[in-house]
Amino acid sequence: MSATVGPGPRPRRNPKGSPWRYVVVAVMLFLVLALADVVLTNPNFGWPVVGQYLFSAVILEGLLLTLELTAVVMVVGCVLGVILAVMRTSTNTFVARGAWAYIWFFRGTPLLIQVIFWFNIAALFPRITLGVPFGPTLPGIDANALVTPWTAAVLALSLNEAAYMAEIVRGGLLGVDRGQYEAAQALGMRPIKVFGIILPQAVRTIIPPTANQLVTTFKNTALVSVIGLADLLHSAQVVYALNYQTIPLLIVAAFWYLLLTSLLSYFQSLLERRYSKGYVPRSRPQSATGTSDAVALKEA
Amino acid sequence: METPMIVLRGIRKRFDSVHVLKGVDYSVSRGSVSCLIGPSGSGKSTLLRCINGLQPADEGEVWVDGELIGLRIDGDHVVPLPEKEIADQRRQIGMVFQRFNLFPHMTALENVMSGPLRVNRADKERTRDLAMGLLDRVGLAARADHYPNELSGGQQQRVAIARALAMKPKVMLFDEPTSALDPELVNEVLSVMRDLAAEGMTMIVVTHEMGFARDVADHVCFMDDGVIVEEGHPDTVLTDPRTARAREFLKRG
Numbered sequence: 001m002s003a004t005v006g007p008g009p010r011p012r013r014n015p016k017g018s019p020w021r022y023v024v025v026a027v028m029l030f031l032v033l034a035l036a037d038v039v040l041t042n043p044n045f046g047w048p049v050v051g052q053y054l055f056s057a058v059i060l061e062g063l064l065l066t067l068e069l070t071a072v073v074m075v076v077g078c079v080l081g082v083i084l085a086v087m088r089t090s091t092n093t094f095v096a097r098g099a100w101a102y103i104w105f106f107r108g109t110p111l112l113i114q115v116i117f118w119f120n121i122a123a124l125f126p127r128i129t130l131g132v133p134f135g136p137t138l139p140g141i142d143a144n145a146l147v148t149p150w151t152a153a154v155l156a157l158s159l160n161e162a163a164y165m166a167e168i169v170r171g172g173l174l175g176v177d178r179g180q181y182e183a184a185q186a187l188g189m190r191p192i193k194v195f196g197i198i199l200p201q202a203v204r205t206i207i208p209p210t211a212n213q214l215v216t217t218f219k220n221t222a223l224v225s226v227i228g229l230a231d232l233l234h235s236a237q238v239v240y241a242l243n244y245q246t247i248p249l250l251i252v253a254a255f256w257y258l259l260l261t262s263l264l265s266y267f268q269s270l271l272e273r274r275y276s277k278g279y280v281p282r283s284r285p286q287s288a289t290g291t292s293d294a295v296a297l298k299e300a
Numbered sequence: 301m302e303t304p305m306i307v308l309r310g311i312r313k314r315f316d317s318v319h320v321l322k323g324v325d326y327s328v329s330r331g332s333v334s335c336l337i338g339p340s341g342s343g344k345s346t347l348l349r350c351i352n353g354l355q356p357a358d359e360g361e362v363w364v365d366g367e368l369i370g371l372r373i374d375g376d377h378v379v380p381l382p383e384k385e386i387a388d389q390r391r392q393i394g395m396v397f398q399r400f401n402l403f404p405h406m407t408a409l410e411n412v413m414s415g416p417l418r419v420n421r422a423d424k425e426r427t428r429d430l431a432m433g434l435l436d437r438v439g440l441a442a443r444a445d446h447y448p449n450e451l452s453g454g455q456q457q458r459v460a461i462a463r464a465l466a467m468k469p470k471v472m473l474f475d476e477p478t479s480a481l482d483p484e485l486v487n488e489v490l491s492v493m494r495d496l497a498a499e500g501m502t503m504i505v506v507t508h509e510m511g512f513a514r515d516v517a518d519h520v521c522f523m524d525d526g527v528i529v530e531e532g533h534p535d536t537v538l539t540d541p542r543t544a545r546a547r548e549f550l551k552r553g
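Going down the list, the sequences are from chains A and B. When we follow the working numbering, the leftmost residue of the first sequence carries the number 1, and every step to the right adds one. When we follow the working numbering, the leftmost residue of the second sequence carries the number 301, and every step to the right adds one.
These aren't lab readings, by the way, just hints derived from the structure by calculation. Keep in mind that a hint or two might mislead.
Straight-line Cα separation of at most 25 angstroms, SDA-like style, residue types lysine to any residue; simulated pairs [stated by the list, open to error]:
#: 1; chain 1: A; residue 1: Lys-193; chain 2: B; residue 2: Gly-323
#: 2; chain 1: B; residue 1: Lys-384; chain 2: A; residue 2: Ile-192
#: 3; chain 1: A; residue 1: Lys-193; chain 2: B; residue 2: Leu-371
#: 4; chain 1: A; residue 1: Lys-193; chain 2: B; residue 2: Arg-314
#: 5; chain 1: A; residue 1: Lys-193; chain 2: B; residue 2: Val-516
#: 6; chain 1: A; residue 1: Lys-193; chain 2: B; residue 2: Asn-449
#: 7; chain 1: B; residue 1: Lys-384; chain 2: A; residue 2: Arg-178
#: 8; chain 1: B; residue 1: Lys-384; chain 2: A; residue 2: Met-87
#: 9; chain 1: B; residue 1: Lys-468; chain 2: A; residue 2: Gly-196
#: 10; chain 1: B; residue 1: Lys-470; chain 2: A; residue 2: Ser-90
#: 11; chain 1: B; residue 1: Lys-384; chain 2: A; residue 2: Val-79
#: 12; chain 1: A; residue 1: Lys-193; chain 2: B; residue 2: Lys-470
#: 13; chain 1: A; residue 1: Lys-193; chain 2: B; residue 2: Gly-370
#: 14; chain 1: A; residue 1: Lys-193; chain 2: B; residue 2: Ala-444
#: 15; chain 1: A; residue 1: Lys-193; chain 2: B; residue 2: Lys-424
#: 16; chain 1: B; residue 1: Lys-470; chain 2: A; residue 2: Arg-190
#: 17; chain 1: B; residue 1: Lys-384; chain 2: A; residue 2: Arg-190
#: 18; chain 1: B; residue 1: Lys-468; chain 2: A; residue 2: Tyr-181
#: 19; chain 1: A; residue 1: Lys-193; chain 2: B; residue 2: Glu-367
#: 20; chain 1: B; residue 1: Lys-384; chain 2: A; residue 2: Ser-90
#: 21; chain 1: A; residue 1: Lys-193; chain 2: B; residue 2: Glu-383
#: 22; chain 1: A; residue 1: Lys-193; chain 2: B; residue 2: Met-406
#: 23; chain 1: B; residue 1: Lys-384; chain 2: A; residue 2: Val-176
#: 24; chain 1: A; residue 1: Lys-193; chain 2: B; residue 2: Lys-468
#: 25; chain 1: B; residue 1: Lys-468; chain 2: A; residue 2: Ala-222
#: 26; chain 1: A; residue 1: Lys-193; chain 2: B; residue 2: Pro-404
#: 27; chain 1: B; residue 1: Lys-384; chain 2: A; residue 2: Val-95
#: 28; chain 1: B; residue 1: Lys-468; chain 2: A; residue 2: Gly-179
#: 29; chain 1: B; residue 1: Lys-468; chain 2: A; residue 2: Met-87
#: 30; chain 1: A; residue 1: Lys-193; chain 2: B; residue 2: Arg-391
#: 31; chain 1: B; residue 1: Lys-424; chain 2: A; residue 2: Gln-201
#: 32; chain 1: B; residue 1: Lys-384; chain 2: A; residue 2: Glu-61
#: 33; chain 1: A; residue 1: Lys-193; chain 2: B; residue 2: Pro-380
#: 34; chain 1: A; residue 1: Lys-193; chain 2: B; residue 2: Asp-429
#: 35; chain 1: B; residue 1: Lys-424; chain 2: A; residue 2: Ser-262
Rough simulated footprint, nothing fancy, chain B against chain A, three-plus residues with beta-carbon under 8 angstroms [said to hold, decoys possible]:
#: 36; segment: 49-60
#: 37; segment: 188-194
Glycine included, each C-beta is placed from N, C-alpha and C at the ideal position.
Can you make the complete structure from the sequences, with help from the hints?
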């Protein structure tokens, strides 16, 4: 650091800091008080209504559905994402390009359009059937019966999620040292077994962005309110459509989103701290050097 | 005369515009130890990787114990084998890397067991016994439960040798096995390799350890610029090379 300062006396650090900081603090304090004044005294915020609905059955059911949807979408998205990531790294260019095109399409179009699209799939394919191209088909199922708001929501969010997860997983796979692939191959492992060696090592780098993705997905589920699925946001909308208390109910929904994303972010930071330590062995019999390394890293 | 264990014929390999191997013919007889020496960039490691198809040759054939590697003869031309079948062929060709490449999330024992368990679906108890035996042989039975990052470089490389041996290979390829080691750790690895040679394993060793080549090898190949410049008994090649290029290289080394 001293090299960049150059010759001459080093600038001394003023222990009290700049006098401007008092001005900044004063301005910030003023803004916070002004905000508090507005929020607390403006009756249109409807805090009593917020309190009334915060733990109401309709809102909690909506929250439950949002959580269920998030869980299903993450699981399906992760599985599809791993498959796409493997396809993307395939030596078969047809397979690799196919995965590329999938990711290109699903990341390049608005998720809201995808949600509405899947909900209206019946307009494109009134009946969903199995059959030979241009040949005979089996009697199919009515698309409107098959694609309920729930299935449309799961389809739209999962297929979109898969595209994002594919890039995360691919990054993780590329991050594993080439020597690991070679070592597995040299032992005579077939491609699927080589993958079994590589994936556990990639997980280290995959976990933090996946946790991030989980937070994003959780918030993105609010988009399904447009197709009338009774998620958290839609449940709030249903209530304010009846009592016209729009702002208080949006505050209720926002409260739950914020609470859950904060919790998820907290767990994410725990995970990241754990995995950023590199390969520190868990409580295992260790050699002298291994133990001291682990201790040093824990203290750092 | 007995057919050689390893035969390479007309091996050519290029990376983009760089000709790394320019037509190499090479053979190693059963139970012998052959050392590949030469300046860096001469194609030694690439030649080694052509043998087990980690970097398949563009032209030429590799035979191990009479089996054509990575290719299938179809009428009057050859076609590449699918990756699955090349993988199956690699089981008989052990390889040890400069950077060890142990699986970091597995203990030493699990590393040694990984080949038989995952490739051969071998019985777990029997594989454990086999792996413990091999770790004992490389002097590391006491470290079986240690993870690679808890082992020294020399220990890691010995585990890597045990891991390769667990597949009961017919030949062993060593790609500069001691180049990444601190000088004081080189000998423990070389001594394991000496023992292996004494037991009659067919070995190809890419190395800069001239002492090892002199003492252990039956055959030394000096490579430069993608071709084998000179080969023969170590006494001849290392002490009294015919070619100027080999003389120059050995003087520097």
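Tested hints:
Note on A:Lys-193 and B:Gly-323: the hinted pairing is violated, with a Cα-Cα distance of about 34 angstroms set against a maximum of 25 angstroms. Simply put, B:Lys-384 and A:Ile-192 have alpha-carbon atoms about 9 angstroms apart, close enough for the 25 angstroms limit, and the pair holds. Of the pairs offered as hints, the one joining A:Lys-193 and B:Leu-371 holds, with about 22 angstroms between alpha carbons and a cut-off of 25 angstroms not exceeded. Of the supplied pair hints, the one linking A:Lys-193 and B:Arg-314 is violated, its CA atoms being roughly 29 angstroms apart against a limit of 25 angstroms.
As the CA atoms of A:Lys-193 and B:Val-516 are separated by approximately 35 angstroms, the hinted pair breaks the 25 angstroms bound. Of the pairs offered as hints, the one joining A:Lys-193 and B:Asn-449 holds, with about 23 angstroms between alpha carbons and a cut-off of 25 angstroms not exceeded. For the suggested pair B:Lys-384 and A:Arg-178, the alpha carbons sit about 19 angstroms apart, so the restraint of at most 25 angstroms is met. The hinted pair formed by B:Lys-384 and A:Met-87 meets the criterion: a straight-line CA distance of about 17 angstroms does not exceed 25 angstroms.
With a C-alpha separation of about 22 angstroms, the suggested pairing of B:Lys-468 with A:Gly-196 holds against the 25 angstroms cut-off. Of the supplied pair hints, the one linking B:Lys-470 and A:Ser-90 is violated, its CA atoms being roughly 30 angstroms apart against a limit of 25 angstroms. Taken as a hint, the B:Lys-384 and A:Val-79 pair is honoured in the structure, with Cα atoms around 24 angstroms apart against an allowance of 25 angstroms. Note on A:Lys-193 and B:Lys-470: the hinted pairing holds, with a Cα-Cα distance of about 22 angstroms set against a maximum of 25 angstroms.
A distance of roughly 19 angstroms separates the Cα atoms of A:Lys-193 and B:Gly-370; the hinted pair therefore holds under the 25 angstroms criterion. Taking the CA atoms of A:Lys-193 and B:Ala-444, the gap is about 23 angstroms. The hint holds against a cut of 25 angstroms. Straight-line distance between C-alpha atoms of A:Lys-193 and B:Lys-424 comes to about 17 angstroms, which keeps the hinted pair within the 25 angstroms bound. A distance of roughly 19 angstroms separates the Cα atoms of B:Lys-470 and A:Arg-190; the hinted pair therefore holds under the 25 angstroms criterion.
At roughly 5 angstroms between alpha-carbon atoms, B:Lys-384 and A:Arg-190 fall within 25 angstroms of each other, so this suggested pair holds. Under the criterion of a C-alpha separation no larger than 25 angstroms, the hint pairing B:Lys-468 with A:Tyr-181 is consistent with the structure, at around 20 angstroms. As the CA atoms of A:Lys-193 and B:Glu-367 are separated by approximately 24 angstroms, the hinted pair is consistent with the 25 angstroms bound. Distance check on the hinted pair: B:Lys-384 and A:Ser-90 sit about 14 angstroms apart at the alpha-carbon level, within 25 angstroms; holds.
A threshold of 25 angstroms between alpha carbons decides the hint, and for A:Lys-193 with B:Glu-383 the separation of about 12 angstroms falls inside it, so the pair holds. For the proposed pair A:Lys-193 and B:Met-406, the alpha carbon gap of about 15 angstroms is at most 25 angstroms, so the pair holds. Taking the CA atoms of B:Lys-384 and A:Val-176, the gap is about 22 angstroms. The hint holds against a cut of 25 angstroms. A distance of roughly 19 angstroms separates the Cα atoms of A:Lys-193 and B:Lys-468; the hinted pair therefore holds under the 25 angstroms criterion.
About 58 angstroms separates the Cα atoms of B:Lys-468 and A:Ala-222, which puts this hinted pair outside 25 angstroms; it is violated. Distance hint between A:Lys-193 and B:Pro-404 is fulfilled; the C-alpha atoms sit about 16 angstroms from each other, no more than 25 angstroms. Distance restraint check for B:Lys-384 and A:Val-95: the Cα-Cα separation of roughly 17 angstroms lies within the 25 angstroms cut-off, and the hinted pair is therefore satisfied. About 21 angstroms separates the Cα atoms of B:Lys-468 and A:Gly-179, which keeps this hinted pair within 25 angstroms; it holds.
Among the hinted pairs, B:Lys-468 with A:Met-87 is inconsistent with the structure: their alpha-carbon atoms are about 33 angstroms apart, more than 25 angstroms. Of the pairs offered as hints, the one joining A:Lys-193 and B:Arg-391 holds, with about 13 angstroms between alpha carbons and a cut-off of 25 angstroms not exceeded. For a cut-off of 25 angstroms, the pair hint linking B:Lys-424 to A:Gln-201 stands: about 23 angstroms separates their Cα positions. Distance restraint check for B:Lys-384 and A:Glu-61: the Cα-Cα separation of roughly 51 angstroms exceeds the 25 angstroms cut-off, and the hinted pair is therefore not satisfied.
For the suggested pair A:Lys-193 and B:Pro-380, the alpha carbons sit about 21 angstroms apart, so the restraint of at most 25 angstroms is met. A distance of roughly 23 angstroms separates the Cα atoms of A:Lys-193 and B:Asp-429; the hinted pair therefore holds under the 25 angstroms criterion. The straight-line distance between the Cα atoms of B:Lys-424 and A:Ser-262 is roughly 45 angstroms, outside the 25 angstroms bound, and the hint therefore fails. With 0 residues having a beta carbon nearer than 8 angstroms to a beta carbon of chain B, the segment 49-60 of chain A misses the requirement of three or more and the stated coverage is violated.
For the segment 188-194 of chain A, the stated coverage by chain B is satisfied: 5 residues place a CB nearer than 8 angstroms to a CB of that chain, which reaches the threshold of 3.
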